[in-house]
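Residues per chain, in single letters:
Number of protein chains: 2
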Amino acid sequence: MKSSCWPLGFSATGLSAGLSKKKNKKDMALFFSHLPAQGAALFTSNLAKAAPILLTEKKLTQHRGHVRAVVVNSGSANAATGVPGLNDAETSAAWVAKGLKVSPDDVWVASTGVIGTRINMAKYEHGVRGLIKNLGSSETNEGHLAAEAIMTTDTVPKIAEITFKLGGVPVHMWGCAKGSGMIHPVLRGPHGQLHATMLVFILTDASATTPVMQRALESVADRTFNCVSIDGDTSTNDFVSILANGAAGAPEITVPRGRHYNEFKAALMQICDQLTRKIALDGEGASKLVEVHVEGARSEKSARQMASVIASSPLVKTACHGADPNWGRVLAAMGRSGVHFDPTRIRIWLGDIPVCHAGVELPFSEAEAIRYLKNKEILIRVNLGLGHKKSRYLTCDFTGQYVGINAGYRT
Amino acid sequence: MKSSCWPLGFSATGLSAGLSKKKNKKDMALFFSHLPAQGAALFTSNLAKAAPILLTEKKLTQHRGHVRAVVVNSGSANAATGVPGLNDAETSAAWVAKGLKVSPDDVWVASTGVIGTRINMAKYEHGVRGLIKNLGSSETNEGHLAAEAIMTTDTVPKIAEITFKLGGVPVHMWGCAKGSGMIHPVLRGPHGQLHATMLVFILTDASATTPVMQRALESVADRTFNCVSIDGDTSTNDFVSILANGAAGAPEITVPRGRHYNEFKAALMQICDQLTRKIALDGEGASKLVEVHVEGARSEKSARQMASVIASSPLVKTACHGADPNWGRVLAAMGRSGVHFDPTRIRIWLGDIPVCHAGVELPFSEAEAIRYLKNKEILIRVNLGLGHKKSRYLTCDFTGQYVGINAGYRT
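Taken in sequence, the protein lines are chains W and R.
Heads up, the first sequence is in my numbering, so the first residue is 4 and it goes up one at a time.
Heads up, the second sequence is in my numbering, so the first residue is 4 and it goes up one at a time.
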């Protein structure tokens, strides 16, 4: 399962340190750039931010985006752990820095798992030693092990990768994500405002400055990670990061415009879009991916707001599960979305099947609609007839398994 | 099951007109005041309002609250039915008016059921004849049949009643409600702004003007019906009404202050609070009632906002179902609520068991907490440590049955 798009100058690995309740489940990952790298990141906007989020956000702003490594654990979120939790996060970074012989300032930390419990730091320290030993001294492409280690209720590791050209030079971009429940990201940059525990780690051997990558990441995340909802719950630990080390030898991107920037951003969009779809499809208990398109809106913001409410509606999501063409639930969600529209102008489709025109039901084949809704990927499309702006949101169906997973997650 | 608090001068009944898919399920109800009565009402704030909502809202504002009868059907919501649906609602009122020999202006209409399908008006007309025949010419206390007829996915009829004194004169108040799914009411008056399909019909033989009752109803609903969520979905058909006919001979209440008003409002609060608890306990698939208290807030509004987000969180609701003392999910919901707080000042209790102090976990007995969470009614209490305002929200646990009910509701 080794990657053919693995970026030059990076190593990654994962192992089981015994932090997860599940025996032998990999629960620690390490990403490392052998060269100095620039990083950009987005953080949860949840007010109860986990310790590693607080620490890494500080590092990003204080050290101009210089970064060499990201260490991640699953099993404990290190959230609601107060000052001791912050100290644990600092200690994590220090151990990794020492082992890799880099500055602790250049080590970012992320965590996912149960909120409110401390990390077992003895096991963590042992894990750090193992990770560094795994890496060895040369480039170690074990990204697939890292992708496994960050999983919690995820059923599959999520990886996306691409090779593209920047100024004629082939560059590589590789990303992995975890996220299955508590997914309704509202990510923001260290200063801005954008929207799980969703964790995303992207590595590239392109060369770009932190401000440029920050801009690209915020823009892309706003149309990908910030447009996916599994259960409407925004995590305390959401974290998306990208590291670029320039090892490919392509021209450095220093301004957020122009051909090189656009090529970079397009590649990033492809990676983030793929990871977002994989997150939606692997939503806790999900049996299918549901894509919601809102078109004909006055603004992209209002379109997204409405798409978000439709995609978060338990009634819409259970209807998708039951393959019930109950489009009235879509209309009810639209009506409570806070977005103004004229009910007599709206149109609704299930896939290509028109079910509502000018606000009233169209005659449609129930059997055909049910057959469509039994697909693994389904589209709900609405047009407000007000303008030309649009947006989309990804989610999954709502199943009895979701309840089963979450009624028994911790105890 | 006849009521001992049945208000003088009112009749009510219910029957099966064949509108519901379930065979012999009662699906039409009629409430009738033998004397002229004053009414007040609240309507859903969903933008896609059902035809009966639009019609009744117009009647309330145009006819100064004069009302004699309310006719209700389940089986079809008469929502997203366009002009034909509005005509159906008008026809409904006309049939009832003719049968009862009152003005069509004085007949209110409400519906609940599937969105987007027309009512079978031939069956409806037959139903109206049956209802009027049932009422006969004298007072007919068959409120329990009406309470049954308005049920959809409800498992039990919901009735609350009280006898109290107004100026020394005994008066009666009786109410019934339906509501089990698509419950997150955002009710408002015909002009104002407050917050399922939740339907509530309250009858009293007290005497009060429409403006006074409107004020009392909005104030009480804001702390009862607008503080309950089953699934976060706000219906197109929510409707709460009160009719007062003065038959008890108590002094008329003409201003929204003073002892009589306060006595009236206290009685109304008791009825609405009881009905709200019954709705939460009978939430689709629910096995328990969950009460969320947010205290120590800067404003009641912010406390309610946070309580609403905690009570709507699928992760909190599934943890309640699984009796999992996973208070971190409460904290995560607080953090995404949009209400500002200091995570290091918060306290959280499960019932009387403190589980979090100053933002970090307190040592508590897991076994004791699990035992508590297995109760039929549970309380989650948080204190923000910022002020002295508070609010509460009612909900239920989230179960596999909820998904089962809603994945197969229509087809």
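For the record, the hints were derived by calculation from the structure and aren't laboratory data.
Incorrect hints may have been included.
Identical chains share a label here; the pair holds if one copy fits it or two copies do between them.
[To be verified] With a straight-line Cα cutoff of 30 Å, these simulated DSS-like cross-link-like pairs (lysine-lysine) come out:
#1 Lys291 with Lys24
#2 Lys392 with Lys24
#3 Lys304 with Lys126
#4 Lys392 with Lys126
#5 Lys104 with Lys393
#6 Lys26 with Lys168
#7 Lys28 with Lys304
#8 Lys304 with Lys101
#9 Lys104 with Lys126
#10 Lys26 with Lys377
#11 Lys25 with Lys393
#12 Lys291 with Lys136
#13 Lys136 with Lys393
#14 Lys24 with Lys377
#15 Lys377 with Lys25
#16 Lys393 with Lys26
#17 Lys28 with Lys393
#18 Lys291 with Lys26
Checked hints:
Taking the shortest alpha-carbon separations for Lys291 and Lys24, both the intra-copy value of 28 Å and the inter-copy value of 29 Å come in at or below 30 Å. With identical chains, the CA atoms of Lys392 and Lys24 are never at most 30 Å apart, being 46 Å at best within one copy and 40 Å at best between copies. Taking the shortest Cα distances, Lys304 and Lys126 never come within 30 Å of each other, neither inside one copy (45 Å) nor across copies (45 Å). Taking the shortest alpha-carbon separations for Lys392 and Lys126, neither the intra-copy value of 51 Å nor the inter-copy value of 44 Å comes in at or below 30 Å.
In the homo-oligomer, the alpha carbons of Lys104 and Lys393 never lie at most 30 Å apart, since the shortest distance is 49 Å inside one protomer and 52 Å across protomers. Taking CA atoms no more than 30 Å apart as the test, Lys26 paired with Lys168 passes in neither setting, with 43 Å inside one copy and 67 Å between copies. For the identical chains of this complex, Lys28 and Lys304 are neighbours neither inside a copy (41 Å) nor across copies (44 Å), given an alpha-carbon limit of 30 Å. In the homo-oligomer, the alpha carbons of Lys304 and Lys101 never lie at most 30 Å apart, since the shortest distance is 46 Å inside one protomer and 50 Å across protomers.
In the homo-oligomer, the alpha carbons of Lys104 and Lys126 lie at most 30 Å apart inside one protomer (21 Å), although the nearest pairing across protomers, at 82 Å, exceeds that limit. Only between protomers do Lys26 and Lys377 lie at most 30 Å apart by alpha-carbon distance; the minimum there is 29 Å, versus 36 Å within a single protomer. Proximity of Lys25 and Lys393 under a CA criterion of 30 Å is satisfied in neither setting, with 43 Å inside one chain copy and 41 Å between copies. In this assembly of identical chains, the alpha carbons of Lys291 and Lys136 never lie at most 30 Å apart, being 40 Å within a copy and 51 Å across copies at closest.
Within a single copy, Lys136 and Lys393 get their C-alpha atoms no closer than 49 Å, and across copies no closer than 54 Å, so neither meets the 30 Å cut-off. Taking CA atoms no more than 30 Å apart as the test, Lys24 paired with Lys377 passes between copies only; the shortest distance there is 24 Å, against 35 Å inside one copy. Taking identical chains as interchangeable, the C-alpha atoms of Lys377 and Lys25 lie at most 30 Å apart only when they sit on different chains, with a minimum of 26 Å there against 33 Å within one chain. In this assembly of identical chains, the alpha carbons of Lys393 and Lys26 never lie at most 30 Å apart, being 46 Å within a copy and 44 Å across copies at closest.
Within a single copy, Lys28 and Lys393 get their C-alpha atoms no closer than 42 Å, and across copies no closer than 43 Å, so neither meets the 30 Å cut-off. For a Cα distance limit of 30 Å, the shortest separation of Lys291 from Lys26 inside one copy, 29 Å, qualifies, whereas the shortest one across copies, 34 Å, does not.
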